[in-house]
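Those protein sequences? They're chains B and Z, same order as listed.
Residue numbers for the first sequence follow numbering that gives the first Met the number 0, beginning at 0 and rising by one.
Residue numbers for the second sequence follow numbering that gives the first Met the number 0, beginning at 0 and rising by one.
Keep in mind that a hint or two might mislead.
30 Å max Cα-Cα, derived DSSO-like pairs, lysine-lysine [what the hints assert, rightly or not]: (1) K130/Z to K58/B; (2) K58/B to K92/Z; (3) K130/Z to K91/B; (4) K187/Z to K91/B; (5) K91/B to K88/Z; (6) K239/Z to K173/B; (7) K58/B to K178/Z; (8) K40/Z to K92/Z; (9) K38/Z to K187/Z; (10) K110/Z to K92/Z; (11) K242/Z to K58/B; (12) K88/Z to K40/Z; (13) K58/B to K88/Z; (14) K38/Z to K58/B; (15) K108/B to K162/B; (16) K94/Z to K40/Z; (17) K127/Z to K92/Z; (18) K130/Z to K88/Z; (19) K40/Z to K239/Z; (20) K94/Z to K130/Z; (21) K242/Z to K173/B; (22) K242/Z to K37/Z; (23) K127/Z to K58/B; (24) K92/Z to K91/B; (25) K102/B to K127/Z; (26) K127/Z to K88/Z; (27) K239/Z to K58/B; (28) K239/Z to K162/B; (29) K91/B to K94/Z; (30) K94/Z to K58/B; (31) K178/Z to K38/Z.
One-sided excerpt, in silico: chain Z residues whose CB lies under 8 Å from chain B [claimed, not checked]: (32) P48; (33) T68; (34) V71; (35) N89.
Honestly, the hints are just simulated from the structure, not real lab data.
Glycine residues also receive a C-beta, built at the ideal position from the N, C-alpha and C atoms.
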Amino acid sequence: MSDPGFRVSLQQRRAANPFTEGSRELFDLAGQGRIDTFFLGGAQIDGTAAINLVRADGKRFPGSFGSAYMYAVIRNTILFREEHSRRSLVPKVEFASARGQPKALLTGKALFSWQGRFRLESVHERFDVRAETGFDFDAPSEVPLTPPPSNEELDRLRGPVAKLVAADYPDFAKRVWGIN
Amino acid sequence: MAEQPEALAARIPDGALLALPPDYSLVAMEVVRALIRKKIKGLRLLGVPILGMSADLLIGAGCVAEVETSAVSLGEAGLAPRFTEAVEKNLIKVKDATCPAVHAGLQASEKGVSFMPVPGIGSSDLVKERKDWIRQGEVVLVPAIRPDVALFHARWADEAGNVWIGRRRELATAAHASKITLVSFEEKKAGDMLEDEILAPGVVSSIYVTATAHAPRGAWPLAMPGVYGVDDTHVSQYAKAAKTREGFQRYLEEWVLTPRKSSSPA
Numbered sequence: 000m001s002d003p004g005f006r007v008s009l010q011q012r013r014a015a016n017p018f019t020e021g022s023r024e025l026f027d028l029a030g031q032g033r034i035d036t037f038f039l040g041g042a043q044i045d046g047t048a049a050i051n052l053v054r055a056d057g058k059r060f061p062g063s064f065g066s067a068y069m070y071a072v073i074r075n076t077i078l079f080r081e082e083h084s085r086r087s088l089v090p091k092v093e094f095a096s097a098r099g100q101p102k103a104l105l106t107g108k109a110l111f112s113w114q115g116r117f118r119l120e121s122v123h124e125r126f127d128v129r130a131e132t133g134f135d136f137d138a139p140s141e142v143p144l145t146p147p148p149s150n151e152e153l154d155r156l157r158g159p160v161a162k163l164v165a166a167d168y169p170d171f172a173k174r175v176w177g178i179n
Numbered sequence: 000m001a002e003q004p005e006a007l008a009a010r011i012p013d014g015a016l017l018a019l020p021p022d023y024s025l026v027a028m029e030v031v032r033a034l035i036r037k038k039i040k041g042l043r044l045l046g047v048p049i050l051g052m053s054a055d056l057l058i059g060a061g062c063v064a065e066v067e068t069s070a071v072s073l074g075e076a077g078l079a080p081r082f083t084e085a086v087e088k089n090l091i092k093v094k095d096a097t098c099p100a101v102h103a104g105l106q107a108s109e110k111g112v113s114f115m116p117v118p119g120i121g122s123s124d125l126v127k128e129r130k131d132w133i134r135q136g137e138v139v140l141v142p143a144i145r146p147d148v149a150l151f152h153a154r155w156a157d158e159a160g161n162v163w164i165g166r167r168r169e170l171a172t173a174a175h176a177s178k179i180t181l182v183s184f185e186e187k188k189a190g191d192m193l194e195d196e197i198l199a200p201g202v203v204s205s206i207y208v209t210a211t212a213h214a215p216r217g218a219w220p221l222a223m224p225g226v227y228g229v230d231d232t233h234v235s236q237y238a239k240a241a242k243t244r245e246g247f248q249r250y251l252e253e254w255v256l257t258p259r260k261s262s263s264p265a
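The following block holds chain B by itself, in its conformation from the complex (with noise of 0.2 Å):
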């Protein structure tokens, strides 16, 4: 955070938002390819990288937001997911609100990387991948486990970044760190 390099734009921003030209201007700045890194993620996403936030099996979620657009014209776009199942994870989605080229996926047990299709690069810890994932994928034969992270990491993320979430996600600051 302190690399005058590296800049993180929290879209939900109660206070001191980085727009000052209202809500199109984070598309515009999108669509010139000033935003390098993109995080979305799906309600269904599937084998070919498409992520669905409209609507599956009689089930109506919000909408596709911007997605259909930032995907396309973000460089690195990771997508993520929480729960890792069967039912998030599905060979194809009903509605593909957006498809792109993502840098990676990530969800509550594992980590991908997309080479055209899906490769396992990491668990989290020890499960039945295949199992548990609806899409067809890549793996090598040893899969590693994701590195946990470091102290440092782990004080940074508890002390100023939960304070920065919970400003604007107080229920998630929550739930995750027990502050308010």
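Please build the complex by placing chain Z on the supplied structure of chain B, with the hints as guidance.
Below, chain Z alone, put in the same frame as chain B:
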């Protein structure tokens, strides 16, 4: 010029295409409650570019026929329960969009052109469903969006009929693009804000403003940044109550249909 929130609501006819901001961007909640009290019907909501609690209330109260939006969400409080149920039961029509396409459609109206190009979105299934969007090479042409009414809440209104929205410039775009603009406000300011170089960049000029209404704490339970924050406790109480039809009805009776209680904090 300044009216009561009820009088602003009275200017919005059944079936209007109504542009509303997201929960983070100055929502005229007191006027939204007045719309429910006057039992408005058949509204077509436009999310600029997404919607939240205001839309969920209107949908649950049976005021809405159609929604065009990039999403409807209560943020950390989760899914918008009345929107979700209405869509799953096929009670309202949804025109799914994506944020930059909504902004571009409004900007087309601002400029008086028929279409605006949006890059990047061509491979989304949204484009298959939106027959009014034209895919052309690298871009998708989205048609101009011209709402009948733009409705939002402002920090100040002045004696010249201008309103101040600060950095929430999507509200200015919505006002420029809409046939009429109705604005509730926190406080009256003497004089003309356009004569103040510091305030002027945050102003929507009276050229676009059709009518204003004084509504202190008029965005509650949502925020007026710099004056009051979101009432997170109330919004999450709403999200829980609105999970069932009965719970939603009880919420309406307590917080919407009883006018005096609705604009005071919990």
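Taking the hints in turn, this is what the structure says about them:
1. This hinted pair checks out: K130/Z and K58/B have alpha carbons roughly 23 Å apart, not beyond 30 Å.
2. In summary, the hint linking K58/B to K92/Z is supported, as the alpha carbons are separated by about 15 Å, within the 30 Å threshold.
3. With a CA separation close to 23 Å, the supplied pair K130/Z and K91/B stays within the 30 Å bound.
4. Straight-line distance between C-alpha atoms of K187/Z and K91/B comes to about 55 Å, which puts the hinted pair past the 30 Å bound.
5. Our distance criterion of 30 Å between C-alpha atoms is met by K91/B and K88/Z, whose separation comes to about 24 Å.
6. A hinted pair counts as satisfied when its Cα atoms are at most 30 Å apart, and K239/Z with K173/B qualifies at roughly 18 Å.
7. Restraint check: the Cα-Cα separation between K58/B and K178/Z comes to about 35 Å, which exceeds 30 Å; the hinted pair is violated.
8. At roughly 14 Å between alpha-carbon atoms, K40/Z and K92/Z fall within 30 Å of each other, so this suggested pair holds.
9. At most 30 Å may separate the alpha-carbon atoms for a hinted pair to count; K38/Z and K187/Z meet this at roughly 29 Å.
10. For the hint linking K110/Z to K92/Z, the alpha-carbon distance of about 28 Å falls within 30 Å, and the restraint holds.
11. For the given pair, K242/Z sits about 14 Å from K58/B by alpha-carbon distance, which is consistent with the 30 Å threshold.
12. Of the supplied pair hints, the one linking K88/Z and K40/Z holds, its CA atoms being roughly 18 Å apart against a limit of 30 Å.
13. Taking the CA atoms of K58/B and K88/Z, the gap is about 10 Å. The hint holds against a cut of 30 Å.
14. Of the pairs offered as hints, the one joining K38/Z and K58/B holds, with about 28 Å between alpha carbons and a cut-off of 30 Å not exceeded.
15. Of the pairs offered as hints, the one joining K108/B and K162/B holds, with about 25 Å between alpha carbons and a cut-off of 30 Å not exceeded.
16. Pair hint K94/Z plus K40/Z holds up; C-alpha atoms about 18 Å apart against a cutoff of 30 Å.
17. A threshold of 30 Å between alpha carbons decides the hint, and for K127/Z with K92/Z the separation of about 16 Å falls inside it, so the pair holds.
18. Of the pairs offered as hints, the one joining K130/Z and K88/Z holds, with about 23 Å between alpha carbons and a cut-off of 30 Å not exceeded.
19. Distance check on the hinted pair: K40/Z and K239/Z sit about 25 Å apart at the alpha-carbon level, within 30 Å; holds.
20. Between K94/Z and K130/Z the CA atoms are separated by roughly 10 Å; this keeps the pair inside 30 Å, and the hint holds.
21. Taken as a hint, the K242/Z and K173/B pair is honoured in the structure, with Cα atoms around 23 Å apart against an allowance of 30 Å.
22. Proposed proximity of K242/Z and K37/Z is supported: the alpha carbons are some 24 Å apart, at most 30 Å.
23. Simply put, K127/Z and K58/B have alpha-carbon atoms about 20 Å apart, close enough for the 30 Å limit, and the pair holds.
24. Between K92/Z and K91/B the CA atoms are separated by roughly 25 Å; this keeps the pair inside 30 Å, and the hint holds.
25. Taking the CA atoms of K102/B and K127/Z, the gap is about 26 Å. The hint holds against a cut of 30 Å.
26. At roughly 23 Å between alpha-carbon atoms, K127/Z and K88/Z fall within 30 Å of each other, so this suggested pair holds.
27. Restraint check for K239/Z and K58/B: satisfied, since their Cα atoms lie roughly 18 Å apart, inside the 30 Å limit.
28. Restraint check: the Cα-Cα separation between K239/Z and K162/B comes to about 26 Å, which is no more than 30 Å; the hinted pair holds.
29. Between the alpha carbons of K91/B and K94/Z the distance comes to roughly 23 Å, so the proposed pair stays at or under 30 Å and holds.
30. At roughly 16 Å between alpha-carbon atoms, K94/Z and K58/B fall within 30 Å of each other, so this suggested pair holds.
31. A hinted pair counts as satisfied when its Cα atoms are at most 30 Å apart, and K178/Z with K38/Z qualifies at roughly 22 Å.
32. Taking 8 Å as the C-beta cut-off, the interface hint given for P48/Z holds, the closest approach to chain B being about 6 Å.
33. Given hint, T68/Z at the interface with chain B, holds; its Cβ is 6 Å from that chain's nearest Cβ, closer than 8 Å.
34. Hint status for V71/Z: holds, given a least beta-carbon distance of 6 Å to chain B, under 8 Å.
35. At its closest, the beta carbon of N89/Z sits 10 Å from a beta carbon of chain B; the interface hint therefore is violated under the 8 Å criterion.
Hint compliance for this structure: hints 4, 7, 35 are broken, all remaining hints hold.
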